[in-house]
Amino acid sequence: MPPTTALGPRAIVLSGPSGSGKSTLIAEFFKEYPTAFAFSISHTTRSPRPGEQNGREYHFVARADMEKMISNGEFLETTEFSTNLYGT
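So in the working numbering the end of the sequence shown lands on 1339, straight run, no missing numbers.
Hints should not be assumed to be uniformly reliable.
To be verified - Quick list of simulated restraints, FRET-style, between CB atoms:
id : residue 1 : residue 2 : range
1  : P1301     : S1266     : 29 to 37 Å
2  : I1277     : E1303     : 34 to 42 Å
3  : A1315     : S1271     : 37 to 45 Å
4  : A1313     : Y1284     : 33 to 41 Å
5  : F1281     : G1306     : 13 to 21 Å
6  : A1315     : G1267     : 34 to 42 Å
7  : E1328     : P1268     : 17 to 25 Å
8  : L1276     : S1298     : 27 to 35 Å
9  : S1269     : N1323     : 19 to 27 Å
10 : P1260     : N1305     : 19 to 27 Å
Rather than coming from a laboratory, the hints here were simulated on the basis of the structure.
All residues carry an ideal CB built from backbone N, CA and C; glycine is no exception.
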């Protein structure tokens, strides 16, 4: 089902306690509407781990680039963990 407004795709945030059915609901969305939903891919300044691919698990970027993106307001949320930046 394609977007029906001029706004284009929009984010849907599912939040709830463990065991509330979030994963089940997400699986049903993907099953019922395979082209209408996608997972967001966050950005990080950490190095890729073995087997990770840029653009699949994360967008791996240099710290200076990420700091500029943060300054430009390109993320909904950001955090720093173990000296690495993360942003979605």
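The hints, checked one at a time:
For the pair P1301 and S1266, the supplied restraint of 29 to 37 Å holds, since their beta-carbon distance comes to about 31 Å. Between I1277 and E1303 the C-beta distance comes to about 22 Å, which lies outside the given range of 34 to 42 Å. The given range of 37 to 45 Å is respected by A1315 and S1271, whose C-beta atoms sit roughly 39 Å from each other. At roughly 36 Å, the beta carbons of A1313 and Y1284 sit within the given window of 33 to 41 Å.
F1281 and G1306 have their C-beta atoms about 19 Å apart, which keeps the hinted 13 to 21 Å range intact. Take A1315 and G1267: their Cβ atoms lie about 37 Å apart, and the range 34 to 42 Å holds. For the pair E1328 and P1268, the supplied restraint of 17 to 25 Å holds, since their beta-carbon distance comes to about 20 Å. Between L1276 and S1298 the Cβ separation comes to about 33 Å, which falls inside the hinted range of 27 to 35 Å.
A C-beta distance of roughly 35 Å is found between S1269 and N1323, which places it outside the suggested range of 19 to 27 Å. The hinted range of 19 to 27 Å is satisfied by P1260 and N1305, whose Cβ atoms lie roughly 22 Å apart.
Taken one by one, the earlier hints fail for this structure at numbers 2 and 9, listed in ascending order.
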